[in-house]
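Trainee: Protein chains in written order, with the working numbering: chain A, 1 to 300; chain B, 1 to 297; chain C, 1 to 260.
No wet-lab data here; the hints were simulated from the structure.
A portion of the hints provided could be inaccurate.
[To be verified] Restraint-style ranges between C-beta atoms, simulated for each label pair:
{"id": "1", "chain 1": "C", "residue 1": "Ala126", "chain 2": "B", "residue 2": "Leu153", "range": "29 to 39 Å"}
{"id": "2", "chain 1": "B", "residue 1": "Ser54", "chain 2": "A", "residue 2": "Ala113", "range": "54 to 64 Å"}
{"id": "3", "chain 1": "C", "residue 1": "Asp183", "chain 2": "B", "residue 2": "Val124", "range": "30 to 40 Å"}
{"id": "4", "chain 1": "C", "residue 1": "Pro234", "chain 2": "B", "residue 2": "Ile284", "range": "20 to 30 Å"}
{"id": "5", "chain 1": "B", "residue 1": "Ser191", "chain 2": "C", "residue 2": "Asp36", "range": "24 to 34 Å"}
{"id": "6", "chain 1": "C", "residue 1": "Arg138", "chain 2": "B", "residue 2": "Val124", "range": "47 to 57 Å"}
{"id": "7", "chain 1": "B", "residue 1": "Ser157", "chain 2": "A", "residue 2": "Lys169", "range": "42 to 52 Å"}
All of these numbers come straight from a predicted model, not from anything done at the bench.
Built from N, CA and C at the ideal position, the CB exists for glycine as well.
Each chain, letter by letter, is given below.
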Amino acid sequence: MRQLTVAAMAAITMLAASAGLAGCASEGSSSSVSATPAGGGSGSASAAAASCSNSAIQSQLYAKSTLTVATDKPVYPPWFVNNKPTNGQGYESAVAYAVAAQLGFKPSQVTWAYEPFDNSYAPGTKKFDFDINEISYSTQRAQAVTFSDSYYDVQQALVALKSSPIVTKHSPADLKTYIYGDQVGTTSLQFINSQIQPTHTPKVFETLNDVKQALQTKQIAALVTDTPTAQFISSSEIPGSVMVAQFPSTGEHYGLLFSKGNPLVTCVNKALATLKSNGTLAKLTTQYLKIYTSVPTIQP
Amino acid sequence: MEAQRLPEQGLPDLSARRSRLLGDSSRRGLLLSTTSTVVVLVALVAIFLLAPGSAEVRHTFFNPTDMWQALVGDPQAGYYSVGEALWLNIRMFVVAEILILIAGLFVAVIRQSTGPVLLPLRVVTTVYVDVARGVPLILIIFAIGFGAPALRLTVISDQSAAVYGVAALVISYSAYVSEVYRAGINSVHRSQVAAARSLGLSQWAAMRYVILPQAIRTIIPPLLNDFISLQKDTALVGLLGAIEANKAAELYSDTVFNYSSYVVAAILFLILTIPLARFTDHLIRRDQARRLAGAVQ
Amino acid sequence: MTGPADAPRAAAASQALRIEGLRKSFGPHEVLRGVDLAVAAHEVICLIGASGSGKSTLLRCVNLLERIDAGTIWLDGQEITRPGVNENAVRRHIGIVFQSFNLFPHMTVERNVTLAPVKVLGLSRAEAASQAAELLDRFGLGEKRADYPDRLSGGQQQRVAIVRALAMRPRLMLLDEVTSALDPELVADVLDVIRELAEGGMTMLIATHEMGFARDIASRVCFLADGEIVEQAPPDRLFSEPSDERTQRFLRRIVDAGRM
Numbered sequence: 001m002r003q004l005t006v007a008a009m010a011a012i013t014m015l016a017a018s019a020g021l022a023g024c025a026s027e028g029s030s031s032s033v034s035a036t037p038a039g040g041g042s043g044s045a046s047a048a049a050a051s052c053s054n055s056a057i058q059s060q061l062y063a064k065s066t067l068t069v070a071t072d073k074p075v076y077p078p079w080f081v082n083n084k085p086t087n088g089q090g091y092e093s094a095v096a097y098a099v100a101a102q103l104g105f106k107p108s109q110v111t112w113a114y115e116p117f118d119n120s121y122a123p124g125t126k127k128f129d130f131d132i133n134e135i136s137y138s139t140q141r142a143q144a145v146t147f148s149d150s151y152y153d154v155q156q157a158l159v160a161l162k163s164s165p166i167v168t169k170h171s172p173a174d175l176k177t178y179i180y181g182d183q184v185g186t187t188s189l190q191f192i193n194s195q196i197q198p199t200h201t202p203k204v205f206e207t208l209n210d211v212k213q214a215l216q217t218k219q220i221a222a223l224v225t226d227t228p229t230a231q232f233i234s235s236s237e238i239p240g241s242v243m244v245a246q247f248p249s250t251g252e253h254y255g256l257l258f259s260k261g262n263p264l265v266t267c268v269n270k271a272l273a274t275l276k277s278n279g280t281l282a283k284l285t286t287q288y289l290k291i292y293t294s295v296p297t298i299q300p
Numbered sequence: 001m002e003a004q005r006l007p008e009q010g011l012p013d014l015s016a017r018r019s020r021l022l023g024d025s026s027r028r029g030l031l032l033s034t035t036s037t038v039v040v041l042v043a044l045v046a047i048f049l050l051a052p053g054s055a056e057v058r059h060t061f062f063n064p065t066d067m068w069q070a071l072v073g074d075p076q077a078g079y080y081s082v083g084e085a086l087w088l089n090i091r092m093f094v095v096a097e098i099l100i101l102i103a104g105l106f107v108a109v110i111r112q113s114t115g116p117v118l119l120p121l122r123v124v125t126t127v128y129v130d131v132a133r134g135v136p137l138i139l140i141i142f143a144i145g146f147g148a149p150a151l152r153l154t155v156i157s158d159q160s161a162a163v164y165g166v167a168a169l170v171i172s173y174s175a176y177v178s179e180v181y182r183a184g185i186n187s188v189h190r191s192q193v194a195a196a197r198s199l200g201l202s203q204w205a206a207m208r209y210v211i212l213p214q215a216i217r218t219i220i221p222p223l224l225n226d227f228i229s230l231q232k233d234t235a236l237v238g239l240l241g242a243i244e245a246n247k248a249a250e251l252y253s254d255t256v257f258n259y260s261s262y263v264v265a266a267i268l269f270l271i272l273t274i275p276l277a278r279f280t281d282h283l284i285r286r287d288q289a290r291r292l293a294g295a296v297q
Numbered sequence: 001m002t003g004p005a006d007a008p009r010a011a012a013a014s015q016a017l018r019i020e021g022l023r024k025s026f027g028p029h030e031v032l033r034g035v036d037l038a039v040a041a042h043e044v045i046c047l048i049g050a051s052g053s054g055k056s057t058l059l060r061c062v063n064l065l066e067r068i069d070a071g072t073i074w075l076d077g078q079e080i081t082r083p084g085v086n087e088n089a090v091r092r093h094i095g096i097v098f099q100s101f102n103l104f105p106h107m108t109v110e111r112n113v114t115l116a117p118v119k120v121l122g123l124s125r126a127e128a129a130s131q132a133a134e135l136l137d138r139f140g141l142g143e144k145r146a147d148y149p150d151r152l153s154g155g156q157q158q159r160v161a162i163v164r165a166l167a168m169r170p171r172l173m174l175l176d177e178v179t180s181a182l183d184p185e186l187v188a189d190v191l192d193v194i195r196e197l198a199e200g201g202m203t204m205l206i207a208t209h210e211m212g213f214a215r216d217i218a219s220r221v222c223f224l225a226d227g228e229i230v231e232q233a234p235p236d237r238l239f240s241e242p243s244d245e246r247t248q249r250f251l252r253r254i255v256d257a258g259r260m
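One chain only, chain A, in its complex shape (with noise of 0.2 Å):
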């Protein structure tokens, strides 16, 4: 029978080519899904990578002879300056920067990559090295990714406008009255819920510059972000606005993030106690952080 017969071709024809893609293992896709948290970098079983030279990690490399960066578009002081990665200006920036020379790579070899804070975590091959974009460590994140050892160890800090009353009144009974906002995919939600505990629900929005905006008409009584941001826009770019105070540390740190189980951490953990020990990052934070001690501490 004709109908019969077009049918079973047709039925032959999925199968064979489902299997073929089945078959077909893409090279080099990173597929286990290990529970192990990968927080610290230190538990990579494989012995074998002793050397961090530049010829011993191109093997690990996205793109041969080149350290792929990413970020996400557009970013902000005092993290980047002029919304120009390659500047090497701005904290991070200077941070990737300090560990692609650690690594051996000229600052010519460093190429930046985008990718939105969504993608960052997606699961498959990444198209970069290490993505560096103030992405706070957690263990349920590390059971998606993999991240470096801290680059950067954060505290919570609030901006409000010079009238607004959060800035003479912000005792922890005072904290839960105010209206916060904050920007989706930081910690700072869960910092305002969990350790100031307001009474109305704070507003999430998608960027920076949409908090920044709601703080300026009235919509949020204050926003939320860590204490280098936090300083930048209440110093530079909301007029009438102020840094309240920060808060206390919670062991909040920023990490640079991998594709699970991308075996070059080890070598950018090296990297980065280097960077540590010798002072680097102590001056670089000094240069671009700007933290002074005068920053009032409040309890949330």
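Fit chains B and C to the supplied structure of chain A, relying on the hints for placement.
Mentor: Frame of chain A, contents of chains B and C only:
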């Protein structure tokens, strides 16, 4: 259905072949189509399960633990319940739909009018429909959601993100819905207008008692279609900071680095929209049956 | 009763309907090219003519559904084609029934009949309902009151359409080929209704193909061709001794087709 034997001079094969093509056994046809459908589905599932990245994708998108956590929420950990957030979507689209149906009808009736007195209104509504349909909804949401507070007017600038979102949705959708109404009004045969006017009914009375009731009956399926679309577009209000289901899913995802929350949100939206879609089909079938029953002369 | 087309103007006031020099075009196509007609009260005028001769257009011009290009129409001595006239008010007094019935499908028979009396004439629902009941009973449709049009046969629908027009108590009834869309066995019932209206003295303008019927009830038969009334006369004279050649040709065709 056995065909009659054709005369010998004709094409003797035709009857047998015809019964084969037209399906002499409906049960065999059903078996055939079922088998082929199952085969295709199995093939697709096989491709999904056998792909190299399958385990990772399943964990990142379809992880039951994450789906449950996202559904239930944990504000202290930085994310809200997707299920509870859906309630905001529901409230938004119910309120929006009511306003849209009213505003759309108003615009449609104005545009269909012919009197000279209403000319300025006709011009205004035509411009409105063109602009509201031409500008992407997301831009309208931004314009209102960020523009209104910036104006610093007393009542207008003090509303919540959801209110601005609903306003934007109403502005955008009323334009589309007004066109649906117009299509419905124009689909009512001119003879109905003639009959109504001939009885002495004014243009408005004819519209109200004769045209609109018939028009609305015709356009209920496309109106329901737009309603389903509206339900999903409420997700865009999350861009203004309102914690609706999609936004809650995004919060979870960005906090935990797992996309399963989006799948939960999708499933919840399906639970909302699929019954409505089936109900629409039921209405269409019932309306057709009624029309065909009346087609006896 | 005969009313020659050139009646003196003094008689205009006593005439139910008077049309003078009516012209109507649709785009480049001139359908009516100067129609003159006078209808006295209680007269029944039958319009006959080939398709496209303008019968329907003429009727639709009389009740102002179509805007005329030239000419004047008087209803009971009042000029209804004056600019600024309230068309809705005029249409209250003219009932029209169409070939395709045009009942409102979303309303019951009763509501179809009571809608305009309530909304336009201001009758109360009860008054309108009892009037509707009386009319429907009179024409054998009493049982169908609560039915929707799709449950009625074509003949019943057409009779309801006539009742609907009558419920407005019109001075003049216009009937536009009201049996042309009906199966032959249903035609008789509708014709009976029209006959009853004529006997009751209703002034009527009827466009029809039913020559036998026209012969029966018409006071005058007008033959339309080339956009004007070519000949008009009492039915006996027009059908047996048509004076114009076009009329003769038309009637001959009808006879040949076995319609007479």
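Trainee: Now, for every hint given, state plainly whether the structure supports it.
Mentor: Going through the hints against the structure:
1. The supplied range of 29 to 39 Å is broken by C:Ala126 and B:Leu153, whose beta-carbon atoms lie about 53 Å from each other.
2. Here the CB-CB span from B:Ser54 to A:Ala113 is close to 26 Å, at odds with the stated 54 to 64 Å.
3. A beta carbon spacing of about 51 Å between C:Asp183 and B:Val124 contradicts the range 30 to 40 Å that was offered as a hint.
4. For the hinted restraint 20 to 30 Å between C:Pro234 and B:Ile284, the CB-CB distance of approximately 56 Å leaves it violated.
5. Our hint of 24 to 34 Å for B:Ser191 and C:Asp36 holds, since their Cβ atoms are close to 29 Å apart.
6. A hinted range of 47 to 57 Å for the beta carbons of C:Arg138 and B:Val124 is consistent with their spacing of about 51 Å.
7. Distance hint check for B:Ser157 and A:Lys169: the Cβ-Cβ separation is about 24 Å, which falls outside the suggested range of 42 to 52 Å.
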